[in-house]
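Participant: Required output: the full structure, derived from the provided sequences and hints.
In order, the protein sequences belong to chains E and V. Remember, my numbering sits 2 above the position in the first sequence when you count from 1. Remember, my numbering sits 57 above the position in the second sequence when you count from 1.
Check before you lean on any hint, since a few could be wrong.
[Said to hold, decoys possible] Just a few of them, taken from the derived set where beta-carbon distance is under 8 angstroms, the chain V residues facing chain E:
| hint | residue |
| --- | --- |
| 1 | MET58 |
| 2 | PRO60 |
| 3 | LEU66 |
| 4 | THR71 |
| 5 | ALA80 |
| 6 | VAL89 |
It should be emphasised that the hints constitute simulated quantities derived from the structure, not laboratory data. Beta carbons are placed, not taken as given, at the ideal position from N, Cα and C, and that holds for glycine.
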Amino acid sequence: MARASTSPEREQWSGQTGFILAAVGSAVGLGNIWRFPGVAYENGGGAFLVPYVIALLVIGIPVLFFDYALGHRFRGSAPTVFRRLTRRAESLGWFQVGISIVIILYYTVIIAWALSFVWFSVGQTWGDDAASFFTNDYLRTTPEAGVSLDIVPGVFWPLVGTWVVTLVILALGVQKGLERSNIIFLPMLVVLFAALVVRALFLDGAADGLNAFFTPDWSALLHPGVWIAAVAHIFFSLSIAFGIMVTYSSYLKRRSNLTSSGLVVAFSNSSFEILAGVGVFATLGFMANQQGVEVSELEGLTGPTLSFSTFPQIISAMPGGSVFGVLFFVSLAVAGLTSLLSLLQVVSAAFQEKFGWDPRQAALRVGGVAAVVSILLFSTTTALHVLDTLDKWANEVGVITSAVVMTILVAWRLRLLPQLRWHLNQVSSTRIGPWWQYVVGIVVPLVIGYMLVSGVWMLVTEGYGGYPLWFRLVFGWGAIAFMVVFAVIMTKVRWVKDPDDFVPWPPLPTGGLTKSGDRS
Amino acid sequence: MTPTAIVVLVLALTVVWGGLALAILNLRRAPVDPDDDEPETDQPLAGDGSGPAGSR
Chain E
3 MARASTSPER
13 EQWSGQTGFI
23 LAAVGSAVGL
33 GNIWRFPGVA
43 YENGGGAFLV
53 PYVIALLVIG
63 IPVLFFDYAL
73 GHRFRGSAPT
83 VFRRLTRRAE
93 SLGWFQVGIS
103 IVIILYYTVI
113 IAWALSFVWF
123 SVGQTWGDDA
133 ASFFTNDYLR
143 TTPEAGVSLD
153 IVPGVFWPLV
163 GTWVVTLVIL
173 ALGVQKGLER
183 SNIIFLPMLV
193 VLFAALVVRA
203 LFLDGAADGL
213 NAFFTPDWSA
223 LLHPGVWIAA
233 VAHIFFSLSI
243 AFGIMVTYSS
253 YLKRRSNLTS
263 SGLVVAFSNS
273 SFEILAGVGV
283 FATLGFMANQ
293 QGVEVSELEG
303 LTGPTLSFST
313 FPQIISAMPG
323 GSVFGVLFFV
333 SLAVAGLTSL
343 LSLLQVVSAA
353 FQEKFGWDPR
363 QAALRVGGVA
373 AVVSILLFST
383 TTALHVLDTL
393 DKWANEVGVI
403 TSAVVMTILV
413 AWRLRLLPQL
423 RWHLNQVSST
433 RIGPWWQYVV
443 GIVVPLVIGY
453 MLVSGVWMLV
463 TEGYGGYPLW
473 FRLVFGWGAI
483 AFMVVFAVIM
493 TKVRWVKDPD
503 DFVPWPPLPT
513 GGLTKSGDRS
Chain V
58 MTPTAIVVLV
68 LALTVVWGGL
78 ALAILNLRRA
88 PVDPDDDEPE
98 TDQPLAGDGS
108 GPAGSR
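Facilitator: Quick look at the structure:
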């Protein structure tokens, strides 16, 4: 008997379209615009697209299906889902929530920067030296990494505004908040960015930029590092293995076409990345043309430097640059906002289920605390150093550790891959074969495990970014320690409503499943 | 643009954007119909003594 009458219904997407838009909004983020073009260019240009597509098909899409299957079958936030797999795995869910919390703290300030630069674009406030304007005039960054409580008003107020907007959307819940905002923001992002790309293609030197981006250096394919870079990029880009897609798929109706939706999400994300590569490198070609240098001689082709130093320089040199600048920074802010909302939902959903809160209570209590910490850390003069360090450790240690542990746990300890494949095939039109289990159970842990070990080894032996050891210990390894301690503490807290009182749907066939996930 | 860069550009667009077009077509060809055995609500169902993962 269902006991639905005794408690409020769990939130749901209105349909598959709402889910797909929100999932694409989550996947398409800052990394698509400022990370992919630079990573591709530095790893063989056009040749990088070969390992990129292979990584998408062999690692990205199978792990995306894995997340979907977990969230949809066990119907909950990451801690709920892992708790329902086995009690001892709940802490893995909270570890994923911890990763989201850390990323949320700094992701919000990047959106605030982008919003500030929308305004700066109008008057091209950065003047002749955009790099100096960004770090010295706007952020007032201290030369040395450290901890400061010197608030920068120019960052503080946009950051407060960004937090207010995101928490209001979060408080409105899944359908009225997340789904409606993505229905507005995602098409808006595509239109704005498409307009930007079209403008970029007609700039002098755009063809040189596209030549630099697409001309393949086939010898790069012989370097293992290029293949690892492709896997790492796909992993970070698709928002997989740290609770986002588990949470989002848990809001789908029971009868939902998981695999076909997943293919749309994965290819939409990659389609936007290719579009971003075209737009960014056509623009960089214009910059090289203006400076009378080769594109290969340009610097600052990735990350915040690309967006907040290199692009403003280009905007200043471009006819109608202010309009281009507004298009670029609004696109950046919107892409970031839709991803930020998905990160916040991971946290909100976990607390809602643990403490029986509604979306408004979760937004106010958890979001409020996160907002205060974020504003204290990132509206100060040391924000850039802290952001850079948190980002490195959260992604390359936190997310990758989460992926390794969850694939090994589900595939080898609990041996649930046959059930998850069966579930995907029960509700989806595109059936997946036994190959999926081998990929998720063997290939992914091996490849990602190698990335984790080599990444941690590099961080331990070589440090990062020239930051002092104490700084790396506090904001790098300290962030990982926070995730672990947070996971341990939250696992010990009592649930308001027993999450184990649950039976997955559809019920398994009476004869059971074979190892390959077929009916016995 | 050089012919090689153009070929790679066209290939990239064909594979990725073509993949997206096929994925959308595939999704539209298989509309989801509610099933009779689907629970009316999304609430947890009462346990029947089996483990939470339903397989143990």
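Participant: Okay, which hints does this one fail, numbers in order?
Facilitator: 2, 4
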